[in-house]
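Single-letter residue listing:
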Amino acid sequence: MSSDDSIAASRRGVLKCLAFGGAGTLFGLAGGVLAPLDLALAATKGRKSAPLDTPLFVQISDTHIGFNKEANPDVAGTLKQTIDLVNGMPVKPAFILHTGDITHLSKASEFDTAAQLLSELKVSELHTTPGEHDMADASASEYFNRYGKASANRGYYSFDTRGVHFVGLINVLNFKPNGLGALGSEQLEWLEADLKGRSASTPIVVFAHMPLWTIYEPWGWGTGDADQMTSYLRRFGSVTVLNGHIHQIVQKVEGNLTFHTARSTAFPQATAGNGPAPGPLKVPAEQLQKMLGLSSVTLKRHPSALALTDSTLA
Amino acid sequence: MSTVEPVGAAFEGARLPQPAARAVRHISQTSLPALAIMIVASLARAATPLPPAPSAAAAAQARSTQEPTISIHDFSFSPVSLTVAVGATVSWKNLDPEPHTVRSVDDQFRSGALDQNDSFSFKFVKPGTYRYVCSIHPQMVGTITVK
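As you go down the protein sequences, you meet chains H and S in turn.
First residue of the first sequence: 14, per my numbering; consecutive thereafter.
First residue of the second sequence: 267, per my numbering; consecutive thereafter.
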């Protein structure tokens, strides 16, 4: 689909989205302009121009395996539903991206349960970055024992798929009192070198657990040294920054950079500052599935950019 | 276009558990270890010969080794600052339904994830000021001063 289609459809998309309570929103991204479309329309358009739009990957986040409190006593069940949603997609994505808080307490048994559930995905390639809940064991080793290989146990790494450059970052180590998440100078130096020499027309996807821009400082929803990161990214024509952590969708578009946080598959959280602390939000049972879900990203070749879709379990 | 999708806007009235309910739980939990210490102390006295009268210094030591406990509730450490004698063992107990950790800023001590009612203890053998955070919620900070 062209960017004109995206703009023309955006108004209808917003209206439809409101009517269905946020059951699914597609964001067409072209030239740094993000326009929401409704899923039904997107599917129609997609069939007409299928060769141009390639499903690239699906982002899941904050599965919190081990959580058992009233906000969702069955987080394994809602992860299974999410996996069914992915397995039911008409075209398989190239890989699954998990943006952290795989587990709730970093217990070995929780990681094992998560791995068993994720193995039900019909997509074999899985990329991860840890959340602070995955680094909560005293030695912070359970996560790295299982997922450390891709990054040589550093937590940050990059890879390329279908012409898109992916960068996984870690911002849940080295917390300072009252601080936000942190990348640290070593990781930032690595990032600068990793991006150096790449063509500005290469679509870039950066992912980390905590938001890579400040959403709400009193609750630590941000990364203190993320400005350094964005300074390395500004010259690229299409940059998508994906995070989890806050269990709700918040977006920002800044030039060619689109920042997006994903829903959790486990439980919703209060909106920024709404309540005493950023804890699990208990909602009526019939509302829960509308507040859980995943994001999927489609590669568009003309122009070369990425489109983001959010889907809920209900 | 709004930069914040209004998910959850309909649930703004939903509330986290009330602090009052947690305070009640806090009182009932902390009274148990105190009782246990008294029982252990009386048993020890019965089983061993009467010790010589303790000096003032030894009495102070005894007080400081009664495991002062810092409770974690409503996303904060209480008391937020604590002064203990060298050799004291400090315990932290999480009363929140959310997990927390206890991590020294200088990496002198670190707990695993403490789920509700889990505890962690550390013995302070060197004088100094020890700042710590919850690594899951680093807005939660505390200080132990060892003299």
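Please note that a few of the clues may not be correct.
[As the list claims (entries may be wrong)] Quick partial rundown of chain S residues pointing at chain H, CB under 7 Å, derived from the structure: (1) 339; (2) 345; (3) 346; (4) 361; (5) 364; (6) 372; (7) 376; (8) 379; (9) 394; (10) 396; (11) 399; (12) 401; (13) 405.
[As the list claims (entries may be wrong)] Restricting the straight-line Cα-Cα distance to at most 20 Å, the calculated cross-link-like pairs of lysine to aspartate or glutamate (EDC-like) are: (14) 265(H) to 299(H); (15) 189(H) to 238(H); (16) 120(H) to 384(S); (17) 82(H) to 384(S); (18) 82(H) to 333(S); (19) 189(H) to 384(S); (20) 295(H) to 381(S); (21) 189(H) to 372(S); (22) 120(H) to 381(S); (23) 303(H) to 150(H); (24) 82(H) to 372(S); (25) 389(S) to 333(S); (26) 359(S) to 150(H); (27) 392(S) to 373(S); (28) 295(H) to 340(S); (29) 295(H) to 87(H).
[Claimed, not checked] To give an idea of the interface, some chain H residues facing chain S are shown, with a C-beta separation under 7 Å as derived from the structure: (30) 149; (31) 190; (32) 233.
In case anyone wonders, no lab produced these hints; they're calculated from the structure.
These numbers come from a predicted model, not from an experiment.
Just so it is clear, CB atoms sit at the ideal spot from N, CA and C, and this is done for glycine as well.
Outcome of the hint check:
Nearest Cβ of chain H to the Cβ of residue 339(S): about 11 Å, over the 7 Å cut. The hint is violated. Against a cut-off of 7 Å between C-beta atoms, the interface hint on residue 345(S) is violated, since the closest Cβ of chain H lies about 16 Å away. The interface hint given for residue 346(S) is violated, since its Cβ lies 11 Å from the closest Cβ of chain H, which is over the 7 Å cut-off. A distance limit of 7 Å between C-beta atoms decides the matter here; for residue 361(S) the minimum to chain H is near 13 Å, and the interface restraint is violated.
Hint on residue 364(S) holds. Least Cβ distance to chain H is approximately 5 Å, under the 7 Å limit. Violation of the interface hint for residue 372(S) is found here, the shortest Cβ-Cβ separation to chain H being roughly 11 Å, above the 7 Å cut-off. For residue 376(S), the interface hint holds, the least distance from its beta-carbon to any beta-carbon of chain H being 5 Å, beneath 7 Å. At about 4 Å, the closest approach between the beta carbon of residue 379(S) and any beta carbon in chain H falls short of 7 Å, and the interface hint on this residue holds.
With its C-beta approaching chain H no nearer than about 16 Å, residue 394(S) sits outside the 7 Å limit, and its interface hint is violated. Annotation: interface hint on residue 396(S) violated; nearest CB of chain H at approximately 12 Å, more than 7 Å. For residue 399(S), the suggested interface contact is upheld, since its CB lies about 5 Å from the closest CB of chain H, less than 7 Å. The interface hint given for residue 401(S) is met, as the beta carbon of that residue sits about 5 Å from the closest beta carbon of chain H, less than 7 Å.
With its C-beta approaching chain H no nearer than about 5 Å, residue 405(S) sits inside the 7 Å limit, and its interface hint holds. A C-alpha spacing of about 29 Å is found between residue 265(H) and residue 299(H), which places the hinted pair above 20 Å, so the restraint is violated. Distance hint between residue 189(H) and residue 238(H) is fulfilled; the C-alpha atoms sit about 12 Å from each other, no more than 20 Å. A hinted pair counts as satisfied when its Cα atoms are at most 20 Å apart, and residue 120(H) with residue 384(S) qualifies at roughly 14 Å.
Restraint check for residue 82(H) and residue 384(S): the C-alpha separation of about 15 Å stays at or below 20 Å, so the hint holds. For the suggested pair residue 82(H) and residue 333(S), the alpha carbons sit about 30 Å apart, so the restraint of at most 20 Å is broken. For the suggested pair residue 189(H) and residue 384(S), the alpha carbons sit about 24 Å apart, so the restraint of at most 20 Å is broken. For the proposed pair residue 295(H) and residue 381(S), the alpha carbon gap of about 18 Å is at most 20 Å, so the pair holds.
The hinted pair formed by residue 189(H) and residue 372(S) meets the criterion: a straight-line CA distance of about 10 Å does not exceed 20 Å. Our distance criterion of 20 Å between C-alpha atoms is met by residue 120(H) and residue 381(S), whose separation comes to about 11 Å. Proposed proximity of residue 303(H) and residue 150(H) is contradicted: the alpha carbons are some 32 Å apart, above 20 Å. Using a Cα cut-off of 20 Å, the hinted pair residue 82(H) and residue 372(S) is violated, with the two alpha carbons roughly 33 Å apart.
Under the criterion of a C-alpha separation no larger than 20 Å, the hint pairing residue 389(S) with residue 333(S) is consistent with the structure, at around 9 Å. A distance of roughly 16 Å separates the Cα atoms of residue 359(S) and residue 150(H); the hinted pair therefore holds under the 20 Å criterion. Taking the CA atoms of residue 392(S) and residue 373(S), the gap is near 14 Å; set against the 20 Å cutoff, the hint holds. Only pairs whose Cα atoms come within 20 Å are accepted, and residue 295(H) paired with residue 340(S) is accepted, the gap being roughly 16 Å.
Distance check on the hinted pair: residue 295(H) and residue 87(H) sit about 13 Å apart at the alpha-carbon level, within 20 Å; holds. For residue 149(H), the shortest C-beta to C-beta distance to chain S is roughly 4 Å, which falls under 7 Å, so the interface hint holds. Here the hint on residue 190(H) is kept, as its CB sits about 4 Å from the closest CB of chain S, short of 7 Å. The beta carbon of residue 233(H) comes within 5 Å of a beta carbon in chain S, closer than 7 Å, and the hint placing it at the interface holds.
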